[in-house]
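Engineer: One-letter residues, chain by chain:
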Amino acid sequence: MSANLILAITAGILVAAGVYLLLERSLTRILLGVLLASNGVNMLFLVAAGKPGTPPIVDLAGTDISDPLPQAMVLTAIVITMAVAAFVLTLAYRSFQLHGHDEVADDVEDARIRKLAEADFASESYEDTTFSDTGRDAVSE
Amino acid sequence: MTNLLPVPVLLAIFGAAVALSATRRPRVQRMISAVCLSGIVIVAGILMYWTNTNGPLALWLGGWPAPLGIALVADRLSALMLLVASVVALGVLVFATGQDKDEVRRETPVSIFHPTFLLLIAGVSNAFLAGDLFNLFVGFEILLFASYVLLTLGGTADRVRAGTTYVIVSLLSSSLFLISISAIYAATGTVNLAHLSVRLRDLSSPVQLLLEGLLLVTFAIKAAVFPLSSWLPDSYPTAPAPVTAVFAGLLTKVGVYAIIRTETLLFPNDSHNTVLLVAAGLTMLIGILGAIAQVEIKRMLSFTLISHIGYMIFGIALSTPAGLAATIFYTAHHITIQATLFLVTGLIERRGGTSSLDGLGGLLKTAPLLAFLFFVPAMNLSGIPPLSGFIGKLGLLEAGAEVGTPLTWMVMAAGIVTSLLTLMAMAKVWNRAFWGVTPTEQRRQEAIAADEDPDEIDDDDPRVMPPMQVGATIGLIVFGLALTVFAGPLYEYATAAAEALLDGSLVEVVLPEGLR
Chain A
1 MSANLILAIT
11 AGILVAAGVY
21 LLLERSLTRI
31 LLGVLLASNG
41 VNMLFLVAAG
51 KPGTPPIVDL
61 AGTDISDPLP
71 QAMVLTAIVI
81 TMAVAAFVLT
91 LAYRSFQLHG
101 HDEVADDVED
111 ARIRKLAEAD
121 FASESYEDTT
131 FSDTGRDAVS
141 E
Chain B
1 MTNLLPVPVL
11 LAIFGAAVAL
21 SATRRPRVQR
31 MISAVCLSGI
41 VIVAGILMYW
51 TNTNGPLALW
61 LGGWPAPLGI
71 ALVADRLSAL
81 MLLVASVVAL
91 GVLVFATGQD
101 KDEVRRETPV
111 SIFHPTFLLL
121 IAGVSNAFLA
131 GDLFNLFVGF
141 EILLFASYVL
151 LTLGGTADRV
161 RAGTTYVIVS
171 LLSSSLFLIS
181 ISAIYAATGT
191 VNLAHLSVRL
201 RDLSSPVQLL
211 LEGLLLVTFA
221 IKAAVFPLSS
231 WLPDSYPTAP
241 APVTAVFAGL
251 LTKVGVYAII
261 RTETLLFPND
271 SHNTVLLVAA
281 GLTMLIGILG
291 AIAQVEIKRM
301 LSFTLISHIG
311 YMIFGIALST
321 PAGLAATIFY
331 TAHHITIQAT
341 LFLVTGLIER
351 RGGTSSLDGL
361 GGLLKTAPLL
371 AFLFFVPAMN
381 LSGIPPLSGF
391 IGKLGLLEAG
401 AEVGTPLTWM
411 VMAAGIVTSL
421 LTLMAMAKVW
431 NRAFWGVTPT
441 EQRRQEAIAA
451 DEDPDEIDDD
461 DPRVMPPMQV
471 GATIGLIVFG
481 LALTVFAGPL
491 YEYATAAAEA
501 LLDGSLVEVV
511 LPEGLR
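Chains A and B supply the protein sequences, listed in that same order.
In this text, residue positions in the first sequence follow full-length UniProt numbering: the first is 1, and each later residue adds one.
In this text, residue positions in the second sequence follow full-length UniProt numbering: the first is 1, and each later residue adds one.
Keep in mind that the hints were calculated from the coordinates and are not lab data.
Yeah, the Cβ is synthetic: ideal placement off N, Cα and C, and Gly gets one too.
Just to be clear, a hint being listed does not mean it is correct.
As the list claims (entries may be wrong) - Here are a few chain A residues that sit away from chain B, every Cβ distance over 12 Å (derived from the structure): (1) Ile9; (2) Ile13; (3) Gly40; (4) Ala49; (5) Thr54; (6) Pro55; (7) Pro56; (8) Asp64; (9) Pro70; (10) Val108; (11) Arg114; (12) Lys115; (13) Glu118; (14) Asp120.
Unchecked claim - Some chain B residues judged to face chain A by a derived CB distance under 8 Å, without partners named: (15) Phe134; (16) Val160; (17) Leu289.
This is chain A alone, in the form it adopts within the complex:
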């Protein structure tokens, strides 16, 4: 099998750019990152397909045909990516409706722990030792 170096490098660049965008907070940029990365991955499949420029299956007896399997896989992957894009766009729009922006929010717990740490305060789940404790005011007791 002969690999195509330019295709491989392009795929690498696309995936790298995709990962960079995935690390952003805005959902739209994340979507762009996913699209770039999945295009990069599709190119990897073309690399896996071997030598470019050969005809599709016309005569199975001929030896020099391009491998149809990676093409079928890429086709499936493209369809899935389309569905992903539609779903993430919906999610981003819903987020925009709810909050006026589409940024990925902090986890509730992370935010709470940070707030408690800033206030130098024990966490709510810090338990008192008595059995009748409801956990409601463990700190003040």
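Following the hints, position chain B against chain A.
Structural biologist: Okay, now just chain B, sitting in the frame of chain A:
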């Protein structure tokens, strides 16, 4: 008999289509889902019986000569997983139909729950039955897409926040999976699992190591193995109770199943065992330490879910028949118990108005049945003898002691500590939700202490638990107890499944003579 193989997937997908066309008729939808899932349970039962007596089954779809075309394969492991998954899904579905109108409007305002749920089951069945890597990927994508929709049902602020994390992490893992598939195809020229197990042996060991690592990272994200697990407790707890239950029961286990397949069929070498052992130990400990710090029962259960994935990874990392058998048994047990516990939490939330321990108390007096429903699976999860959790853990520890390296002993110690800490987490829920005084009583006492009239505080409205939901939960608890009662035959089955995984009988069934 081989023609039964595509039936679970087809039933679920057709059922989803028909259910989607009946969106205005909730009753018809429920009937369709229930019939389809019962059908899958029956087919899975037949497959389990058949594979146990006659060995694995393989079907090349479309009649293409092997190794072209797509193969569906069922052996003892996939048949067992399919059966347990479909029984749990059926239980959860009955639970979901038990929601009354108010709850439906609040929790799942659009009637796409049933079609999506069926698609989720189609994806899970497809992943269990997949005979090639790309079909496994497609199965994963079907179940992931269904899970995206189920997780963000209704589009409330909480669910959109939780869904975003989940979707992004899943997209990343899907891309990684595709990269692994393209790399494997480039190296071997096939994606059929049986064919791969023959061809991968010819590759040089660094290439094998790379491919195995890629697949392991992909599946470890899906199975929530530490350090790739932090997405799980952030995304699961906000969804409606039945959705969380089926996610917790099934989705991570599909990842575990995929790891079992790759580690036994594709890469039966020991190259990643140390990494897996360390990951298993850390997953157990860090998961359970997260759990005991929680006050929200759903979040706590999500953390115990992560921690118990560690047990399954431990059994896989031992890569002995005994270890794999224990993992298979433990996976079947854990699917059932974890889903049951989430359903019980749904009932607690319904009865007590919240699933946070801060707002609960005295449920033992006000709802003794609920207390019983929680107690049995909670003890089962903590591994109290003679329940199935104990049997699975004992099997894992025995298998670990057989291997007996210092690292194995350390992970075993971590396993025992985790088991005790699970008991502690469950005891915490018991102490604060079931013992103590009810929130109303608490407020009255506070009123007395503040010299106010305690009679001004009204009683809580008695919230009834829908009988159908209680029935579904009892059904799953009985199924969990059946795993205990029939643990002997089941463990023998798991042992046979594990031995079959390692002896290469699958390859003989799938591939014709010339290709092996």
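Engineer: Determine for every hint whether it applies to the structure shown.
Structural biologist: Taking the hints in turn, this is what the structure says about them:
1. With a least CB separation of 15 Å from chain B, Ile9/A remains clear of the 12 Å interface cut-off, as annotated.
2. Residue placement check: Ile13/A keeps its beta carbon more than 12 Å from all beta carbons of chain B (closest about 14 Å).
3. A cut-off of 12 Å between C-beta atoms contradicts the statement that Gly40/A is not in contact with chain B; the least separation is 9 Å.
4. Listed as a non-interface residue, Ala49/A fails to keep its Cβ farther than 12 Å from every Cβ of chain B; the least gap is roughly 8 Å.
5. Distance to chain B confirms Thr54/A as a non-interface residue, since its nearest Cβ pair spans about 15 Å, more than 12 Å.
6. Non-interface status of Pro55/A relative to chain B is upheld: no Cβ of that chain comes within 12 Å, the nearest being about 19 Å off.
7. Distance to chain B confirms Pro56/A as a non-interface residue, since its nearest Cβ pair spans about 16 Å, more than 12 Å.
8. Separation of Asp64/A from chain B is adequate, the least Cβ-Cβ distance of about 16 Å exceeding the 12 Å criterion.
9. A beta-carbon of chain B is positioned within 12 Å of the beta-carbon of Pro70/A; the least distance is around 7 Å.
10. The beta carbon of Val108/A is not kept farther than 12 Å from every beta carbon of chain B, the shortest such distance being approximately 8 Å.
11. Chain B leaves Arg114/A outside its interface by the beta-carbon criterion, the shortest separation being 15 Å against a cut-off of 12 Å.
12. The beta carbon of Lys115/A is kept farther than 12 Å from every beta carbon of chain B, the shortest such distance being approximately 16 Å.
13. Even its closest Cβ contact with chain B, about 19 Å, leaves Glu118/A beyond 12 Å, as expected for a residue assigned away from the interface.
14. Here Asp120/A stays apart from chain B, with its beta-carbon at least about 18 Å from theirs, past the 12 Å limit.
15. Look at Phe134/B: its Cβ gets to within about 6 Å of chain A, closer than 8 Å, so that hint holds up.
16. Annotation: interface hint on Val160/B holds; nearest CB of chain A at approximately 5 Å, less than 8 Å.
17. Taken as an interface hint, Leu289/B does not check out: its beta carbon lies about 12 Å from the nearest beta carbon of chain A, beyond 8 Å.
Of the numbered hints given earlier, the model fails hints 3, 4, 9, 10 and 17; all others are met.
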